[in-house]
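Given the coordinates of chain A, assemble chain B onto it according to the supplied hints.
Protein sequence lines correspond, in order, to chains A and B. Residue 288 in the working numbering sits at position 288 of the first sequence; the count goes up by one each step and never skips. Each number in the working numbering comes from the position in the second sequence (counting from 1) with 1000 added on.
These are calculated hints, taken from the structure and not from any lab test. In this text, a Cβ means the ideal position worked out from N, Cα and C, and glycines have one as well. Some clues are possibly wrong.
Stated by the list, open to error - Which residues of chain A face chain B? A partial, calculated answer using Cβ under 7 Å:
1) I19
2) A44
3) I63
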Amino acid sequence: MTGNVASVLQPAGPTSTLIAELSWVLIAGSAVVFLIVMAVLAWALVGNTGRALRGPRQSMALIVGGGVAFPAIVLSALLVYTTIRTTAATKPGVTGTIVNVNGHMWWWQVRYRDPAGGPDIALANEIHMPTNRVVTIGLTSADVIHSFWVPALAGKVDTVPGRVYQLHLEATAPGVYRGECAEFCGVQHTRMAFHVVVHEPAEYERWLTAQSMPAPIPTGAEASAGQAVFVRERCAACHTIRGLTGQAEAGPDLTHVGSRLFLAGGDTRTDAAGFARWVANTQHIKPGALMPEYQRLDAASLGALAAFLAQLK
Amino acid sequence: MTPAKSAGALPNSLPRPDGELAALERAWQPPRGWRLLSAVNNTRIGVFYIGTSLLFFVLAGVLGLLIRAQLALPENHLLSPAFYNQVFTMHGTVMMFLFAVPIVEAIAVYLLPAMLGARDLPFPRLSAYAFWAYAAGGLAFFCTIFFAASPDGGWFMYPPLTSGEYSPGIGADWWLLGIGFIEISAIAGAIELIIGILFTRAPGMTLGRMPIFAWAMLVVAAMIVLAFPAVIAGTTLLELERAFGWPFFNPRLGGDPLLWQHLFWFFGHPDVYIIFLPAAGLVSMMVPTLARTPIVGYRAIVLGLVTVGFFSFALWAHHMFTAGLGTLAAMFVSAASLAVALPTAMQVFAWLATLARGRLRITGASLFLLGFFFIFVFGGLTGVMVAVLPFDWQVHDTYFIVAHLHYVLIGGMVFPVFAALYHWMPVVNGQGLSEAWAKWIFGLMFAGFNLAFFPMHISGLLGMPRRVHTYDAGTGLEIWNLASSVGAAVLAAGVVLFLIDAVRTWSRRPIEHANPWNGGTLEWLPAHDYGVRSIPQIASRDPLWEQPSLAAEVEAGRHWLPGTVTGGRETLVTSPRRALPMHLLVLTGDSWLPFGAGLGTAAFFLLLTVKMMGIATLFGVIALAAMLRWLWQTDRPPRQATAEVADGVFLDVGAAGTRSHSWWATLILVVVDLTIFASFVFAHLHVSMRGDSCPPVGARLANDEAIVVSAALWIASSTLVWLASRWRLGDAGRQRVLHALVIVGALALGLGAATIEWGAHAAAGLAPARDGWSATVAMLVAWQLFHAVVLALMAAFLVARISSGLLGPRSRATLDNVALFWHASVLQVLIGCGVVQLLPRLLT
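Looking at chain A on its own, in the form it has when it is part of the complex (with noise of 0.2 Å):
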C-alpha cells in the first residue's frame, strides 16, 4: 500500500484539526438529535398516546416546538459556532512557500522555485514541505477538472482549467501523508494519488537544495546504457530531465524521479525493478494512460533504463 495516513479523522495539520474537531461536534450532535426523534417516533407508536396529544393545541405545540423551535435553536447555534471555526480555517498564516500544482489526466505536476534563482523545479505526484510554515498552493487544470485532496492536512479544492485556486497548507508533525483526485476524471481517476511529505524544516531546506540540482550523471556501465536507450527511445519527447534533455511537457519531469516515493499515481516503487515494470507494462498496470507500452525493449535495455532511471536521486 502507498498506505499513510489519509483519514479525515486523523488530521496532522491545523486546519485538519479545526475541521475535525467539526465533524466529531457534528457527530455527536448529529447521534443525539437522531435518538430523541426515534425516542419521540417509539413514544408515539407505543407511548402514553392520545392521552398527551388530547387536542390541537397539544398537537401544534408538538410540531412547532420539535419541527421548528427546536431546529431553529440547534441550527443556529450551529450556525455561529461553524461560522466562528471556518473564518479561522480560511485565515491564512505567514505564507512562505508557493506551490504550483497542475493536475493532468492522470498525474499531478508540481513546480517550485529555485531558492537560488534557476530554473523552476518541477516534479510529479509529490509535494514537500516543512513543518509548521504555511505553504500555499497555486491549484489549476491542464485539461479536465480534478480534486487536490489531502484529508490528513485540508479539505479539498477542484482543479478547474481556465481557473487558479489557492489552497494553504500547514503540518505540525513530520510524515508521508496520501493525497487523492477527488472529482472524476476519466479512466483513471483512481490512479492519481500523490504524496504530502513534510520534514523539518532544515531537512526541507536539503530537499529543495537537492531538487534544484540538475540531474545526477550516470555512474556505473549499467546506467549509462540506460541513459542510452533514453535518448534513443525518445523519452525526452514527454519528460524533462534538466541537465540531459530539453524542455518537454506533456510527461512528468524526471530529474529526481529515483528520489521519489511511488511512480504513476500508484503503489510501484521507485526502485529499479519499479521502474522495469512500469515502463514495459504500462498499459497493464493503468490502462488508458497517456504513456505508451514499451513491451518491445528487450530485458537488458529495460534493466539498463530501470537501472538509470533508479539513480536519478
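Here is chain B on its own, set in the frame of chain A:
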C-alpha cells in the same frame, strides 16, 4: 350555472335513467388485447408507467450490484476501469432520470385523479405520449450498456471531461440526446398535474380540503416547470459544443466549465426535492389512514411543502462548495441549506403528532413507513452535516456523500414508494400484496440497506473518493467495502421477493376492494374504468370518514355527472380555489396517435445520436404528423352548448378564453420556454463577464439599427396577432379570409424580422466556434430562429383551422393559445436582443 342546493340534498335523484350506466361504461371501455397500447385512460397509462419505472429500478439496481461486486475486494479486476465508469454513470443516470422522477409522476398519474374525484387527467393523450416517449427512449438508452457504448462521464456529465476532446465517443451524446428528451416527458407530466389539480377537483374540495398528496404534486409540478429547463438548456449547449465546436465550456476559447455546473445543479438540487416531496405527500396520506386518525398539522405540512419547494431553488451551489465560489456566497448557501431543514422537520413532527394521536396498525405499508422515518431522518442529519462548509470541504466527492444521498433517496423516496405499493395495491385490482411476505421483504431491505450504506460514511471519512473503480489493500477500507457489498446483496434479495409477490398479486383476477385499511379519501371509493360512478360533492378532508354513506351514494349515481352527456368521456372542471362546478370537460378517448408520436419522438432523438440524419428526420416527421393530426381533433365546437350534470343544474360544455384549461396549460408551457430562455441568457451573462472584454477581441456586435428594425417588426407581428385574437369569430367566408391574411401577415413580419436579425449577425461576422461569447450570442439567435419555425408551423395550422371553419366562438383555443405563445416568443426576442446589444455598454 347554479350550484346552490339545499344542505343535505344530493345533486342527483333516483332512479337513474335506463342505460345511463351502460353508456358510461361504453364510453370508458378500455381497448382489448394488443390494442391496449392505444389506451389513454390514466388507470392504464399509470400502471404502464409505474411498471416501467420499477423495471428501470431493477435494471439500475443490477448495475449497482455490479459496482458493489467490483468494490467488494481491493484491487479487484471484475470490471475494467473503462467499463466500470460506464456502469456507475448508467446506474446514476437511470436511477435519477428513468426511475426516481418517473415513478413519483407515475404514481400521481395513477392515483391523483381518483384522489381528486376526477375521472381522468385533463389531457389524457398528452400523458400517454409522455409515457411512450419515456419508455421507448429509456429502454433504448439502457441498451447502450450491452454494447459498452454507454456514457461514462458520471450522471452529472461535467465538461471538459464530457466535451468532444476528452470524450470522443458517442456515449456522451447518448446521454445528452437520450436523456434530454425524457425531460420533455417530465414537463408534459407536470403541466398535466398542475391543470388537473387546479381545475378538476371534486365539487366542494377546496384547496384546504385537498389531499396532501395533491398539494405535494402541485408544488413538485411547479418545481419541474422551473428546474428542468435549466438542464434542458445545459444539455443543448453541451451537445452543440460536442457537435459543432461552440465553446461554451472550453476555457481555452473563452468558455467556462463552471457554467455547466451552475445550470446542472440549478436543476439538480430541486430535482432531489422533486423526488422527495411526492413521497412525503404519500406519507402524509398513509400515516393518518394507518394511524386511524385525521392528519395533525395539515396546514403546517402544506406550508412545509411549499417552503421546501421554494427554498430548494436557492441551494444549488452547495454542490459546488469546492469549485471555487467566493466564501461569502458559499456561507450564504450554507446557511440556507441549514434552514431548509426546518420545513422538513415540521412535516416530520406533524407525522409524529399524528402517530401519537392515533394508533398505528402494523401492515406491510406501515413497516416501510417506519423504515422511512429511521432512514430518512438519518439522511437528513448527514445533510445538515454536509451543509457545514469545512466539513463538506473534507467529505465532498467521497463515499460519505454516497452514503448521504442514498439515505435520503432510498429512505426518503424508495421506502415510501414501497409503502405506497403495499397500501394502494387493493385500488389497482382489489387484491393485496402478501402481509406475511411483507415482514420478510421489509426486514431484508431495511437490514440490507443499512448494512450497505452505513459503512460508506466511514469509508468516506477514511479517505475513499467517489467514482473510483478500486482501492488499495491495506488502506483500512476493505472491511467497510465488503460489508457494503454484502448489504447490497441482502437489499437486492428483498427487492426480488417483492417483485415475485407483486407479479403474483397483480396477475390475480381483479375483484372489488372493500377499502381494507378504511381509508378516508376519495381514491378508496368503488372504482371502475370510468373512475367513480358519480363525482362526489364533498365537505371535508376525509370524506369517507365524515360522510359514511358517500360510497353508496356515489355508486348509485346520486352525485354529480352520473353518466355521460355527450356519449364520450367527460369530467367536471371546478374553480381552482373553492371547487365550484364551472363547466363540463370533454376528454378524448383512446388513440394510436400518442403511441406513434411518442415512439417517433424517441426514434428521432436516438437516431440523431448515431447521426443517421435521414431516418431520424423521417421519424421526426412521423411524430410531427401524428401530433398535428391529434391537435386537429381537439378544440371542436361541442355538440351541445350546455349539459345537465345534476337535477336542474346546467353547465356549459367546454369553455373559451382564459377559462379554458388548455390556455392555462399553454401558459405553463410558456413559463417553461421562458425559463429555458433565461438559462441561455444566464449563460451569455456568465461567459461575457469572464472575458477580458465584451465582445472579445475578434468579435463584433451586430449593427444596432438592424436589430432595432428587427425588434420593431416583431412587435408589429405581435400586434397583428393581438388584433387577430380580438377578431369577432363568425362564419362569413370573407371574414375568414381576412382573418387568415392577418395571421399570414403577422408571420411574414416575424420571418422578415428573423431574417434581418440573422443577417445583421452574419454581417458582423458572428462565428460561434471562435469563442464562448460568440457561441452564447449564436445560441440566443438560434433559439429565436427555432421559435420562428415553431410560429410558422403554428400559423399554418391556425390558417388551416380558420379556412376549414373550425375556429368559432366556442372553439377558439387554437387561436388564443397560439397568440399567447406568439407574444411570449416576441418578448423573448426583445429581451434577448436587448441583453446582447446593451451588455457591452454596461460592462465598459
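For each hint, the structure was consulted:
1. I19: 5 Å, holds
2. A44: Hint holds; A44 (chain A) Cβ to chain B Cβ min 4 Å, cut 7 Å.
3. I63: 5 Å, holds
When each numbered hint is compared with the structure, no violation occurs for any of them.
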